[in-house]
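Note that UniProt numbering gives residue 33 to position 33 of the sequence shown, counting from 1, and the numbers run on in steps of one.
No lab work stands behind these hints: they were computed from the structure.
Being a predicted model, the structure only gives us computed values, none of them experimental.
Yeah, the Cβ is synthetic: ideal placement off N, Cα and C, and Gly gets one too.
Just to be clear, a hint being listed does not mean it is correct.
Said to hold, decoys possible - With a Cα cut of at most 30 Å, we get these calculated DSS-like pairs of lysine-lysine:
| no. | residue 1 | residue 2 |
| --- | --- | --- |
| 1 | 374 | 248 |
| 2 | 163 | 173 |
| 3 | 209 | 140 |
| 4 | 390 | 368 |
| 5 | 315 | 28 |
| 6 | 390 | 274 |
| 7 | 28 | 71 |
| 8 | 145 | 248 |
| 9 | 377 | 424 |
| 10 | 384 | 374 |
| 11 | 209 | 384 |
| 12 | 390 | 463 |
| 13 | 248 | 228 |
| 14 | 261 | 374 |
Said to hold, decoys possible - Listed next, with one range per pair, are the computed distances between beta-carbon atoms:
| no. | residue 1 | residue 2 | range |
| --- | --- | --- | --- |
| 15 | 178 | 374 | 17 to 25 Å |
| 16 | 368 | 35 | 14 to 22 Å |
| 17 | 250 | 324 | 34 to 42 Å |
| 18 | 33 | 78 | 28 to 36 Å |
| 19 | 48 | 458 | 30 to 38 Å |
| 20 | 176 | 370 | 25 to 33 Å |
| 21 | 176 | 219 | 38 to 46 Å |
| 22 | 368 | 50 | 54 to 62 Å |
| 23 | 114 | 458 | 53 to 61 Å |
| 24 | 132 | 349 | 46 to 54 Å |
| 25 | 212 | 55 | 25 to 33 Å |
| 26 | 398 | 15 | 23 to 31 Å |
| 27 | 397 | 132 | 50 to 58 Å |
| 28 | 6 | 143 | 50 to 58 Å |
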Amino acid sequence: MKVGMTKEEVAEGYLNELINRSLVQVAKRRRDRRVAAYRIHDLWREIIVSKSGEQNIVTLAGEQSRAWPEKVQRLSINNHWEYTQQSKHFTRLRSLLMFNATDSLSKLSMLASSNDGLRLLAVLDLIGALMETFPNEVLKLVQLKYLSLRETNVKIIPKSIGKLQNLETLDLKQTYVTELPDDILKLKRLRHILLYRHIQDHIPPVRFKYQCGFKAPTEIGSLSSLQKLCSIETNHDNGTILLGEVGKLTQLQKLQIESLKNEDGRVLCSSLEKLSNLRSLIVRATGEDEVIDLDSLSSPPQLLRSLCLDGGLLKVPHWIPSLHNLVKVILRWSKLRDVDPLESLQGLPNLVVLLFLQTHEREELCFKAGGFQKLVKLYLRGLKGLRWVKVEAGSMPRLEELVIRQCELVEELPSGIEHLTSLKSLELVDMSDGLISSLNRDLERGSNWKISHISKVWIGDTKLGYWKGNYL
Numbered sequence: 001m002k003v004g005m006t007k008e009e010v011a012e013g014y015l016n017e018l019i020n021r022s023l024v025q026v027a028k029r030r031r032d033r034r035v036a037a038y039r040i041h042d043l044w045r046e047i048i049v050s051k052s053g054e055q056n057i058v059t060l061a062g063e064q065s066r067a068w069p070e071k072v073q074r075l076s077i078n079n080h081w082e083y084t085q086q087s088k089h090f091t092r093l094r095s096l097l098m099f100n101a102t103d104s105l106s107k108l109s110m111l112a113s114s115n116d117g118l119r120l121l122a123v124l125d126l127i128g129a130l131m132e133t134f135p136n137e138v139l140k141l142v143q144l145k146y147l148s149l150r151e152t153n154v155k156i157i158p159k160s161i162g163k164l165q166n167l168e169t170l171d172l173k174q175t176y177v178t179e180l181p182d183d184i185l186k187l188k189r190l191r192h193i194l195l196y197r198h199i200q201d202h203i204p205p206v207r208f209k210y211q212c213g214f215k216a217p218t219e220i221g222s223l224s225s226l227q228k229l230c231s232i233e234t235n236h237d238n239g240t241i242l243l244g245e246v247g248k249l250t251q252l253q254k255l256q257i258e259s260l261k262n263e264d265g266r267v268l269c270s271s272l273e274k275l276s277n278l279r280s281l282i283v284r285a286t287g288e289d290e291v292i293d294l295d296s297l298s299s300p301p302q303l304l305r306s307l308c309l310d311g312g313l314l315k316v317p318h319w320i321p322s323l324h325n326l327v328k329v330i331l332r333w334s335k336l337r338d339v340d341p342l343e344s345l346q347g348l349p350n351l352v353v354l355l356f357l358q359t360h361e362r363e364e365l366c367f368k369a370g371g372f373q374k375l376v377k378l379y380l381r382g383l384k385g386l387r388w389v390k391v392e393a394g395s396m397p398r399l400e401e402l403v404i405r406q407c408e409l410v411e412e413l414p415s416g417i418e419h420l421t422s423l424k425s426l427e428l429v430d431m432s433d434g435l436i437s438s439l440n441r442d443l444e445r446g447s448n449w450k451i452s453h454i455s456k457v458w459i460g461d462t463k464l465g466y467w468k469g470n471y472l
C-alpha cells in the first residue's frame, strides 16, 4: 500500500486507472462527479468470467457450466442456484456474495454446516435477503472483515456481535436497526459503520425528517480506526456526550449527524476541530425550525470536500469560504432572510455542485460575474419567496445542469441564461403556470433563442404524486 494512503484510496486509484484504460466504464456519477457505479462491456465480462473461473478468482454459482475448482475461494450466488452435496468445495471460501438469492439464510446455513463452518470467510454480503433476525451463523465467522445486511428487515443486532473481532465494515443501510449494542465497542478494527434508513422517497412534498440514523454507544470514541460513521442520532439523554466522543475519532473521513440540538452546536464544533481527515460532513437539526449553530468552529477540517447542512441558519457559517477543497455544498431548510448565501459561496475555487432547498427567502438570487468558476450542477428547490434569478456574464462558465423546482413565484427564465454557454440540461419542475405558458408561446413563435443552445429542456410536475412531463 502506498505511503499515506488508506486501503480505500488505493482501491479507488486502481479503479480510476482501469477507467483511464477503457477497461471499465462509468455507469453513474454522484452529484460531485465522483464515480458511483461502474459497468463493463459484455465482451469484457465474458472474458473476465472465463479467466476468473480458470484462475479460481471468482466462482459464479448458477451461471458457470464448467466444473468447479477443487477449492472455491470467492463465490457469487444468484437467484437460480440450488445447494447440493456436490458443493463440497467451500472449506477455503473467503468471500460469499448473494444477489437476489431466494432462501439466502438456508443457503448460508447449509454452506456453514457442511464446510467446516466457513471459518475462513472474510466477506459476507447478504444484500436484500429475506430475513428479519440477525443470522446466528454469522457470529461464528470470526475471520469476517466485511458484513452487509443492507436492505434486509433485520431489527436488532445481538450483543454477541462483539465476537467478530476482525470486522472492519458493518453495512446496515436500509434496515430497521435503530441502536447498536455496547459490545460493538469491542470491534477495534471497525473502519466503517453505515446505518441509516430513508423514510421517504423523493416525490414532493418533502418532509424534513426523511432519514433516520441510529443510537450509538456513548463511548463510541474508543473505536479509533473508524473512517465512516453514518448516521448517529444525537437528540437523546447522552447526545451531548456522544458528540464530544466524536472528537476522538481522528481518522474519520465521513461523518453524518442526525437530530442536532441548537445548544449542542458548540460541542460539535469542538469535536470537528480535531477531525483533520474529514472529507464529508452532514449535519441535520432536530427539525426545520431548529437553528444549527456552528459559528464557534474556528479551525474547520481543510480536507472537507462535501458539506450538507439541514436546518435553520442565521447566516452562512463564516468558515465555509476558507474550505478551498469543497466540491459539493447542500443547504436545506436554512430559511435565510437577511443574508445572501451566494456572497459566501461564489468564491469557492473547486465547487462543482450547489443545492438549495428552502435556503433563501429573498426575492432575487444574483449570480455575479466571476463567481462559481467550476460549478457544473445547480439545484434550486422550494425557494418560496424567489421571483427572479439573474446570471451575469462571466458567472458559472462551466455550468452543465440547472434544475429549478417548486419556485412557484418565478414567472420568467433566469435573466442572462444565454450566458451559460456550457449548459446542457435545464429542468423546470412544479413551476408557475405563467412561466410554462410563456415558454410554450416562445416555442410556438420560434423566439426561444435564450435557451436554444441547451440540448435538453424538460418541463415537468409531481403534483399528482408521480413524475410527468415532456422535453421542449
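Cross-check of the supplied hints:
Of the supplied pair hints, the one linking residue 374 and residue 248 is violated, its CA atoms being roughly 35 Å apart against a limit of 30 Å. The hinted pair formed by residue 163 and residue 173 meets the criterion: a straight-line CA distance of about 21 Å does not exceed 30 Å. Taking the CA atoms of residue 209 and residue 140, the gap is about 37 Å. The hint is violated against a cut of 30 Å. Of the supplied pair hints, the one linking residue 390 and residue 368 holds, its CA atoms being roughly 8 Å apart against a limit of 30 Å.
The straight-line distance between the Cα atoms of residue 315 and residue 28 is roughly 34 Å, outside the 30 Å bound, and the hint therefore fails. Taken as a hint, the residue 390 and residue 274 pair is broken in the structure, with Cα atoms around 40 Å apart against an allowance of 30 Å. Distance check on the hinted pair: residue 28 and residue 71 sit about 35 Å apart at the alpha-carbon level, beyond 30 Å; violated. For the given pair, residue 145 sits about 23 Å from residue 248 by alpha-carbon distance, which is consistent with the 30 Å threshold.
A hinted pair counts as satisfied when its Cα atoms are at most 30 Å apart, and residue 377 with residue 424 qualifies at roughly 10 Å. Taken as a hint, the residue 384 and residue 374 pair is honoured in the structure, with Cα atoms around 27 Å apart against an allowance of 30 Å. Restraint check for residue 209 and residue 384: the C-alpha separation of about 19 Å stays at or below 30 Å, so the hint holds. The suggested pairing of residue 390 with residue 463 holds, with an alpha-carbon distance near 27 Å, which does not exceed 30 Å.
Proximity of residue 248 to residue 228 is assessed by CA-CA distance (about 13 Å); at most 30 Å being required, the pair is judged to hold. Restraint check: the Cα-Cα separation between residue 261 and residue 374 comes to about 34 Å, which exceeds 30 Å; the hinted pair is violated. In this structure the supplied range 17 to 25 Å is violated for residue 178 paired with residue 374, their Cβ-Cβ distance being about 40 Å. Taking 14 to 22 Å as the suggested C-beta distance range, the pair residue 368 and residue 35 does not conform, at roughly 32 Å.
Separation of residue 250 from residue 324 is about 22 Å and departs from the stated range, judged on CB atoms against 34 to 42 Å. Separated by about 32 Å at the C-beta atoms, residue 33 and residue 78 satisfy the suggested range of 28 to 36 Å. Here the CB-CB span from residue 48 to residue 458 is close to 37 Å, well matched to the stated 30 to 38 Å. Distance hint for residue 176 and residue 370: a CB-CB separation of about 49 Å, inconsistent with the stated range 25 to 33 Å.
Judged by the Cβ atoms, the range 38 to 46 Å given for residue 176 and residue 219 is violated: they are separated by roughly 24 Å. Roughly 57 Å separates the CB atoms of residue 368 and residue 50, a value that falls within the hinted 54 to 62 Å. Under the hint 53 to 61 Å, the C-beta atoms of residue 114 and residue 458, about 55 Å apart, fit the expected range. In this structure the hint that residue 132 and residue 349 lie 46 to 54 Å apart at CB holds, the actual value being about 49 Å.
Residue 212 and residue 55 have their C-beta atoms about 44 Å apart, which leaves the hinted 25 to 33 Å range violated. As the Cβ distance of residue 398 to residue 15 is approximately 25 Å, the hint placing it in 23 to 31 Å holds. Distance hint check for residue 397 and residue 132: the Cβ-Cβ separation is about 53 Å, which falls inside the suggested range of 50 to 58 Å. Checked against the hint of 50 to 58 Å, the C-beta distance between residue 6 and residue 143 comes to roughly 21 Å, which is inconsistent with it.
Of the hints listed earlier, those the structure fails to meet are numbers 1, 3, 5, 6, 7, 14, 15, 16, 17, 20, 21, 25, 28, in rising order.
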